[in-house]
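Participant: Can you build the whole structure from these sequences, using the hints too?
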Amino acid sequence: MASKIPVRVVEVCQVTPPHESPYSAVEVSLPLTFYDILWLKFHPVERIFSYELTDLTPTVFNSEILPKLKNSLSFTLLRFLPVAGNITWPAQSATPIILYTPEDGVSLTVAESNNAADFDDLSSNEMHDALLSRPYVPRLSASDEKVHVLALQITLFPNKGFSIGCAAHHAALDGKSSILFMKAWAHLCKNSSCLLPAELIPFCDRTVVQDPEGIAIECLNKWSSMNQADGGSDSNARSLKPLPPMEVEPNSARATFSFSREDIRKLRERILSQLDKVSDKKDAEPIHLSSFAITLSYALVCLVKARGLKSDEKMMFGFGADCRARLDPPIPTNYFGNCVSLHPNVLLAGPAMQDDGILFVARKVSELIKGAQKAALEVEKDKVEKRLPTDQDEPLVGVAGSARFEVYGVDFGWGRPKNVEVTSIDRTGAISMAESKADSGGVEIGLVLKKDVMGIFQNMFVDGLKHD
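So in the numbering used here, the last one in the sequence shown is 504, and the numbering has no gaps at all.
Note that these hints are calculated values from the structure, not bench results.
Computed cross-link-like contacts, SDA-like style, restricted to lysine to any residue with a CA-CA straight-line distance of at most 20 Å:
(1) Lys341 to Met389
(2) Lys341 to Ile492
(3) Lys277 to Leu135
(4) Lys106 to Leu236
(5) Lys473 to Trp450
(6) Lys341 to Leu384
(7) Lys487 to Pro286
(8) Lys487 to Asp157
(9) Lys400 to Phe328
(10) Lys182 to Thr131
(11) Lys502 to Thr292
(12) Lys473 to Glu88
(13) Lys341 to Leu501
(14) Lys486 to Gly434
(15) Lys341 to Ser294
(16) Lys454 to Tyr444
(17) Lys486 to Thr292
Each pair of labels, with its calculated beta carbon distance range:
(18) Ile253 to Lys487: 40 to 46 Å
(19) Asn161 to His55: 42 to 48 Å
(20) Ser160 to Asn272: 41 to 47 Å
(21) Gly477 to Val498: 15 to 21 Å
(22) Lys313 to Val382: 20 to 26 Å
(23) Asn227 to Asn257: 44 to 50 Å
(24) Asp447 to Thr243: 32 to 38 Å
(25) Arg175 to Val498: 33 to 39 Å
(26) Cys230 to Pro322: 45 to 51 Å
Source: prediction; values computed, not measured.
Each residue gets a CB set at the ideal place from its N, CA and C atoms; glycine is no exception.
Facilitator: In structure tokens, the structure reads:
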């Protein structure tokens, strides 16, 4: 029988960079750029990496695995000092900063699951209760004055394996930077080394991101106005505490759906075939049909149908585009921080539910991708309001993660993850995306939906891929 208390907390500690290093003895501060400040009050991004070791005992975990994870984490923080720090807003500073001091470190919770069978659900693609994940991700400490950048939780599942749960503040690092940190940690752990290859060393120079339009101050003014509108005093205008998180809806289910390389090829052919039948194709812009565009378009069609939207109803969707290579001049791919532009759009349900609905949606997605390629430098002040949270009734369906992150390459020395989930989509309503764990060239997506809606989505997803 499953325990009502899913985990037993064994230890909560602070892992710091090695004190004997002269680098960790010096304060380090980084300014937040406008790309960072867009995310200043958002709830942290949470992930769970699950590693299967069917013969793992508490003795082996505590004597071998846990010490190695802690030691390598300490050395990783030496290269990623801002991760050990906090976001704060000094009185003399016009904008918030990330500040590391020699007393800082990352909060690490060590736990043991009382329900080892939870590991099977956490590492499965199959539909299961969305709330099951919550005990396996840590809480990120936050107050009005400062917010931690990262919190971690390592949980033992006896005779099953272990998981690493992460909660990362989005204003400090985007998805690409977050996975860069995890890959660096895994590399040092697996190789029992203190040295990182060049591609895993973070580039932290924030001066490469220019802000000629003063977008950062405009964003801060918006955030400060929201703080005061929530009933805070003037002194609370600088509050850094994240907005209250959305509650996970009762009866919500989580599931993962996979596209094989062959599925993606057939969907591409289907879209092109439908395009051939369109009368206005001569005047139409060429359509962008990357794996990302195809899988997102198909997922959105299934979601519109599963939600049972009326033909005149609309669904907001969007995604972030990495700007590192698109800035002029481009900035290093290992730039550590946020460098993502946001691109929202609206889908009308009626056309999306037609037989050629995937073509309609793919065109919408294609428009956004082309816009992202052209508008990496767009930072006009009148766009700020569109990028910050609103009180709209229907939240935007975003995309969390990317197949290009290669999350299944995060191997600490005990094999690739059996599963990687973006836990926080249970509160944001986003679609998570990663490379397929099982199929080279494939893509997997994760969703959290009401159980009845998830059942319909699952049928739509599976049946649609059998259509050809």
